[in-house]
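Line order of the protein sequences matches chains A and B.
If you read the first sequence in numbering that gives the first Met the number 0, its first letter stands for residue 0, the second for the next number, and so on.
If you read the second sequence in numbering that gives the first Met the number 0, its first letter stands for residue 0, the second for the next number, and so on.
Everything labelled a hint here was simulated from the structure, so no lab data went into it.
Among the hints, a few may not be true.
Which residues of chain B face chain A? A partial, calculated answer using Cβ under 7 Å [as the list claims (entries may be wrong)]:
id, residue
1, Ser44
2, Ile47
3, Ala99
4, Gly146
For every residue, glycine included, the Cβ atom is placed at its ideal position computed from N, Cα and C.
The primary structure of each chain is shown beneath.
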Amino acid sequence: MSKNAAQWSAPPKFPASHYVDSRIYTDQQIFDEEKEKLFRPAWVIACHESELAAAYDYRLFTHPAGVPLIIVRGDDQKVRAFYNICPHRGNTILYDPAGNAKRMTCIFHQWAYDTRGNCVEITRGEQGYQDRFCKEDAALREARCEVAFGGFVWVNVTDDAPALREYVGGSLDILEPYMEQPMEVFHFHKSLVRTNFKLWHDTNSEFYHDFLHYFNRITGMMQPGYYERKYTPFANGHATVGSMQIQYDKYEGSKERAVGWPGMARGGWYMVDLFPGMTYNLRTSVLRIDTSVPVGPNQVLIEFRGLGLKSDTAEERAQRVFDHNMIWGPFGRNLHEDLLGVTGQGRALRQGTDSRYLLHGREENSTIHDEVGMRHYYAEWSRRMGRPAYDPYREGKERAAA
Amino acid sequence: MSKSEQRQAIEELVYRSCLALDARDYQAFLSLCEPDFRYTVTTHSPEIRREMVWLDHDRKGMETLFANLPRHNSDHSPITRHATVYTVTANGKAAEVISALQVFRTQLDGGATELFAVGRFHDTVRLDTVKLAKRVVRLETRQLGYGHHIPF
Chain A
0 MSKNAAQWSA
10 PPKFPASHYV
20 DSRIYTDQQI
30 FDEEKEKLFR
40 PAWVIACHES
50 ELAAAYDYRL
60 FTHPAGVPLI
70 IVRGDDQKVR
80 AFYNICPHRG
90 NTILYDPAGN
100 AKRMTCIFHQ
110 WAYDTRGNCV
120 EITRGEQGYQ
130 DRFCKEDAAL
140 REARCEVAFG
150 GFVWVNVTDD
160 APALREYVGG
170 SLDILEPYME
180 QPMEVFHFHK
190 SLVRTNFKLW
200 HDTNSEFYHD
210 FLHYFNRITG
220 MMQPGYYERK
230 YTPFANGHAT
240 VGSMQIQYDK
250 YEGSKERAVG
260 WPGMARGGWY
270 MVDLFPGMTY
280 NLRTSVLRID
290 TSVPVGPNQV
300 LIEFRGLGLK
310 SDTAEERAQR
320 VFDHNMIWGP
330 FGRNLHEDLL
340 GVTGQGRALR
350 QGTDSRYLLH
360 GREENSTIHD
370 EVGMRHYYAE
380 WSRRMGRPAY
390 DPYREGKERA
400 AA
Chain B
0 MSKSEQRQAI
10 EELVYRSCLA
20 LDARDYQAFL
30 SLCEPDFRYT
40 VTTHSPEIRR
50 EMVWLDHDRK
60 GMETLFANLP
70 RHNSDHSPIT
80 RHATVYTVTA
90 NGKAAEVISA
100 LQVFRTQLDG
110 GATELFAVGR
120 FHDTVRLDTV
130 KLAKRVVRLE
140 TRQLGYGHHI
150 PF
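In isolation and in its complexed conformation, chain A is listed as follows (with noise of 0.2 Å):
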């Protein structure tokens, strides 16, 4: 029978931890606070090692919060992060989204900086400000940056946030064995997409929506030991998804990856989901990365990574990039049925449309169709935001589906 307009907004017949309201993916001011309260104390990856392999090596990164950001291989080959922003007037510093730079010199007033902050040039400086302003007053502002858990680069915009590996703790130990050979990216894109960014994060953090997937019904759900992939919670609202042996070649025109990854069961799949909005997917041959840029309530920008080994042949390597685009690519079987998913949530979420809950309510004993992964995130979300996931105005819904 379908609902009359009391029902539809009547709370879920589950516990408040099972369900969410709607209005969490379209508020403009819950949006605001999550850039502040989420994703600024957060660490967050800004790129890989790979992509700074020499000194002078730059990278431009918007950190989610919305803080333009240069990554920076110095001359001591250490990895630092400053703000894309000059001290002068406020200029952009560097345009391109990577390159060298020995100087980084705003175009503006040409005043440059060194590849550790320094303010190495003031033109004109002693005329125009005498022994009031000089270089030393004018060095760029520095966030914290760590290199670390498969070289990737990270850094975070708050100078007293706990420390990167307090702020992952032990939800990266299942990928840790198969992230001792150095890696590299081979793929790299990004997709803007008409959704909210923890809408794109629940699909990573489910499983359920394999539905969603041929390819992954033929080689994974259909398969044996499907079931017994199960979910970790950790602290901070991480989590894991343990491995299952894919069986590619059910998929007609796949077959089985000759090309493994180091110490992983034939055929594996591990998957660690970061709070806010980062992933890891290792998936038999390929490391993909998703990183999260919010851009408002029903937009995010993604950047997607694709890693090989360092060490791969051309052949290896080619297999790897031939892996990675039948499910990951911008064409790509999966990647584009995912997208389309969050898509058309975004289109049913936005304001005015009359949505109410979203159920995280599927309890399978934290296996792959459990929706634990959901409710884990939302239990944090909530911890760190001040405002219940299911109830965000405390209008006392919990109360009402009592």
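Since the structure of chain A is provided, determine the placement of chain B on it from the hints.
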């Protein structure tokens, strides 16, 4: 075949390939391709400063791709390819053909059209059969929103 007739035939081949894919008439597209046809989508990433391959199939791989697509969930918005043949350089038994490519996507609901991608076709055409031996789609556009299942 005179040079102008040859050029005309090659241009028509490029345009027919667009019409066939626009119509999702994969058999018609494959009929324009040699048995050893190879199709590749490439682009350069200024972000990671690398050449990238986004799709790479031989003819059999293309046939399998086309056969599998109906089993997948895809965006159903029509895609319109607009090609303009720029240069045809005959080289013995084959011609190297460079064409500008623009791809437009039209929303099913309301019919709004947006520019989806720009790039170039780099085709190798066999002159005796006037069929495609190789197509490299060189994309300038790298941000494709929620992506697409059907090659350009």
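Original post:
Can we keep the Gly146 (chain B) interface hint, with Cβ of chain A closer than 7 Å?
Top reply: holds (4 Å)
Original post:
Does Ser44 (chain B) pass the interface check with chain A, least Cβ-Cβ distance below 7 Å?
Top reply: Nearest chain A Cβ about 5 Å off; hint holds.
Original post:
Holds or violated: is there a CB of chain A closer than 7 Å to the CB of Ile47 (chain B)?
Top reply: holds (5 Å)
Original post:
Holds or violated: is there a CB of chain A closer than 7 Å to the CB of Ala99 (chain B)?
Top reply: The hint is violated - Ala99 (chain B) has no Cβ within 7 Å of chain A, the shortest such distance being about 20 Å.
Consistency note: the structure conflicts with earlier hint 3 alone.
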